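Colleague: All chains, full assembly: derive it from the sequences and hints.
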Amino acid sequence: MLLRLRTIILKEIKLDFKLGIIARPGSALSNKTGSFRSEIPVFKHEKCTGCDLCIYYCPEGVVFGDKKTKTYNFDDDYCKGCGICAEECPVNDIEMFLVEK
Amino acid sequence: MLTNILTKEDTHKQLFTMGHTGCSGCAQSMAVKLIMQVLGKNTIATSATGCLEVFSTKFPESSWNIPWIHSLFENSAAIASGIEAALQITGKKEGTTVLSQAGDGGTADIGLQALSGMFERGHDVLYVCYDNGAYMNTGYQRSGLTPYDSYTTTSPSGKISFGNNRPKKYMPEIAMAHKIPYTAVASAGYPIDLQKKVKKTLSIKGPKYLQVDVPCVPGWKYEPRYSVKIAQLAVQSGLYPLFEAEYGKITSVKKISKKVPVEEYLKLQGRFKHLFKNEAGKAEIEKIQKIADENIEQFGLL
Amino acid sequence: MKKVLEGSMAISDSIRMTEPKVISAYPITPQTHIVEHLSQMVADGDLKAEYVMVESEHSAASVVLGASACGVRTYTATAAQGLLYMEEVIYNIAGMRLPVVLTVANRAVSAPISIWNDMQDSMALRDSGTIQLVAENNQEAYDMHIQAYKIAENPNVMLPVMVCVDGFVLTHTFEVVETIDDIEKVREYLPPLNMKYTLDVNNPFSFGTVGEPSVYIETRFRLSNAINNCKSIIVDAANDYKEMFGKYEGALIDTYKMDDADTVIVAMGSVLGTIKDVVDGLRESGKKIGVLKIRSFRPFPADEIVDALKNIKNAIVIEKAVSLGKGGILSCEIRDALYQHRINSVNVNGYVMGLGGRDITPKNIYDLIIKAEKEEDVDGEFFGLNNELLNKVF
Amino acid sequence: MKEVRIHGRGGQGSVTMASILALSFFDDGKYCQAFPSFGSERTGAPVQAFARVSDNPIRTRHQIYDPDYVVVQDVTLITSVPVAIGLKDNGKLIINTETDLKEIIKNFGDNKINESSIILFPALKIAMKILGKPIVNTTLLGAFSAITGEVSIDSVKKEIEARFGSKLGKINADAAQAAYDYIKGDKIGF
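Residue numbers (the numbering used here), protein chains in the order written: chain F, 1 to 101; chain U, 1 to 302; chain W, 1 to 394; chain S, 1 to 190.
FYI, nobody ran anything at the bench for these hints, they're computed from the structure.
Here the structure is a predicted model, which means the values were calculated and not measured.
Glycine included, every Cβ here is placed at the ideal spot set by N, Cα and C.
Keep in mind that the hints are not guaranteed to be accurate.
To be verified - Here are some chain S residues the structure puts well away from chain W; computed CB gaps all over 10 Å:
| # | residue |
| --- | --- |
| 1 | Ala34 |
| 2 | Pro57 |
| 3 | Glu115 |
| 4 | Ile130 |
As the list claims (entries may be wrong) - Listed next, the in silico DSS-like pairs over lysine-lysine satisfying Cα-Cα at most 25 Å (straight line):
| # | chain 1 | residue 1 | chain 2 | residue 2 |
| --- | --- | --- | --- | --- |
| 5 | U | Lys290 | F | Lys47 |
| 6 | F | Lys32 | U | Lys13 |
| 7 | U | Lys92 | F | Lys67 |
| 8 | S | Lys158 | S | Lys2 |
| 9 | F | Lys32 | U | Lys8 |
| 10 | U | Lys205 | U | Lys221 |
| 11 | F | Lys67 | U | Lys8 |
| 12 | U | Lys287 | U | Lys255 |
| 13 | F | Lys70 | U | Lys229 |
| 14 | W | Lys48 | U | Lys205 |
| 15 | U | Lys290 | U | Lys196 |
| 16 | W | Lys196 | W | Lys231 |
| 17 | F | Lys32 | U | Lys41 |
| 18 | F | Lys44 | F | Lys70 |
| 19 | W | Lys231 | F | Lys18 |
| 20 | U | Lys41 | F | Lys18 |
| 21 | U | Lys290 | U | Lys229 |
| 22 | S | Lys125 | W | Lys3 |
| 23 | S | Lys92 | S | Lys112 |
| 24 | S | Lys158 | S | Lys133 |
| 25 | S | Lys170 | W | Lys3 |
| 26 | W | Lys2 | S | Lys158 |
| 27 | U | Lys92 | W | Lys196 |
| 28 | U | Lys255 | U | Lys273 |
| 29 | W | Lys196 | U | Lys93 |
| 30 | U | Lys13 | F | Lys18 |
| 31 | F | Lys68 | U | Lys259 |
| 32 | U | Lys93 | W | Lys48 |
| 33 | F | Lys68 | U | Lys277 |
| 34 | W | Lys3 | W | Lys242 |
| 35 | S | Lys92 | W | Lys363 |
| 36 | U | Lys229 | U | Lys179 |
| 37 | W | Lys326 | W | Lys371 |
| 38 | W | Lys392 | W | Lys287 |
Modeller: So this is what it looks like as structure tokens:
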């Protein structure tokens, strides 16, 4: 037959097409953004009033804790060390420290 | 308003999840997180091209735990219109929120036509404009919402220039002119006020416009920890009035609790650094103070 | 049932039979009649769809993009400047693998502004990843739209299909069209759209992610494969249609009186009718001449074209568009296909004509044949120019 | 195949007339085609519409240059538009007018036209009498049927009624019938 088959390109590839287009929900969790950090917060748990502001203001949503027990803390894997929690804590109960390289 | 975030595991279940590559201290990601906490999982979101889209969906990763779509820069509102139409015709609209998001450029410049169309056609969509006052995704170029005298890379200050020589386009009034059911301006500096406004949109059918002031660390040139502080100063100086409007009429304003001179706001940001160099800069600061004072009077902020 | 229908009516009627859920369009001549008919159907309750009246073609395409991502069948139509304005979105629809069907009422592009027919507009989107089918007459336009959804929604395709219909020449012409009256048969041919990934709150995927250099080229490779591989699906769609409805106008290509031909005219769209009449006349006078119709322009059926042309001497290509700075588009691609198969016995001459609605008459075609048979390797020469006009000082 | 060219002004319903003609041909069992001159003309501007009829499927798409029949909806056009151009030798030129042939023929000047191919017909007068409006396309359709015999008056009336709905359709069909009768010699009332 005269027609030459361009086998490599035209070979039927029935793969899922989502490559590069569609991502699974919440899959960003695999990206540990803690590596962004040059400073790290320390929640001192001394004067905490349970105002929740650290949870509200964290751009990453990594702060967790309980109003009642006043034992807020952060997820070390993802905290980018921006320092907003320390800056905004109304009773200065959070302090930033340089990460030891 | 907060979802119960009691344990580390809880933080991983948020609808806009960590692991995105936004800048350290990014106020936009803060606002998105807060908005998603209110809207809940029955939300379908669109994003215009911009920082949010880039830092939240780097294939194969996505920070979204809700159905989310990005297509282009200028069509977030039109995509949302299509989604809303599809939900309506298939009977899935009831109980589902359609959220359309863009930055200030994607809203007030290139996306204004599509947004106006969405408003005018009356789609039941919440449109959120994250206003950081310039094209941050491409490297801090001037947009229609860049404030007066701000340095940007395309409105630089120079020997004969103080930066952007045009006032900020008043986008919320453009939205209000469409007589849509709800328009609101909020700020990342006031998360409870922001969440209250988002919650209100859930009970309103039709197009809703929410503009949120979101300071940008690299664009505005300040230290990451000041994101909230700067957002609050914008409000307290009168430069960013927060209010609500229904069908084009203002229904509530957030009063200034402690008025601060604009200088307090400006001096924290590298984008206004050139105003503090000489006498001529002082005169420019006076002009910015006048803008704030006019806002205070117009909206009755005191 | 056989009826006399305007092209636009035929198209809107076939769209009605496919039951799209979201239709969005912005008016532009000569597409308007199509969307007017559809909005009337929606207004009368004959078609249960959301008709979104947008403020621009860009938004029309965006609305169908968003709706299609929700997993519903969508439709839009445009022409010329409107298509160029949609272009950005159409690249996106293809890249996102959404099975949108759109009609292009082919029209010339500005400047100067012209509302009349040629194929420059759809040609401008030939690299977008959109399947492009070209209708010869209103019957084919009717059938092609139903097939378009069948092709677009095939799980191995999932690409937009553009049905190209010559503006005015087909859209505004009344002629006999046999319609399908049993919607159940159409539903059988075209089952409800069932997409694997949709915007669904119960299964929340993220669409339209950032493609870093580490994934972009592979993504485009898959897109390229998808459109290349859909040729067999286009053929299947046509054959299944023939089986179900008894109508067939070719799949990728169609031949007319080519068996013993030494000269073949190659063309797309409505001009084929006039060409076939001329060819009949020449056949009566003993000339061995035939016609090759390109029905699928994208994917380009290179192998099929080579197979059809390999034994002829002269291929005369009528181009209703031009690649400025290069020449004929169709003739160039045909020559390339022949070269790939190392066939150098066919003389391919491409002539640009009929731009901006210039009527192509039987005499034009006859004159072209006489001229073309004496020439070699013509690459998009403009034919039938008014020299008086060219030399006139305004 | 027979080809018809209709000359009118934008807004006078030339395209409607061509499409009704095509539908009527179809009712008579023929293949047909009708299309406008694809212009961007506005109300009042000279326009053309075309129709073809054949026993076989019609493939050709070019505009009509050698018509078998020309219909002129508005006599004032003949001073500015070469309405008779290309008309076949045995063709018919149907003009809506009450003017005499002598006056009309002057307008063709150098354009040679066979006097016997011109048919003058007072469509406006009949339309005004029956419809009360200067809309002549339905009247001309009746006349076309009578003059050319290419299409049956029943089909024409049926398609007119289908197009214009019950009330308006009936009265327009009456106008077509009156025109048909007028040509056939029954000029009662005119």
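Colleague: Among the hints numbered above, which are violated by the structure, and what are their numbers in rising order?
Modeller: 1, 2, 5, 7, 10, 15, 22, 28, 31, 33, 36 and 38
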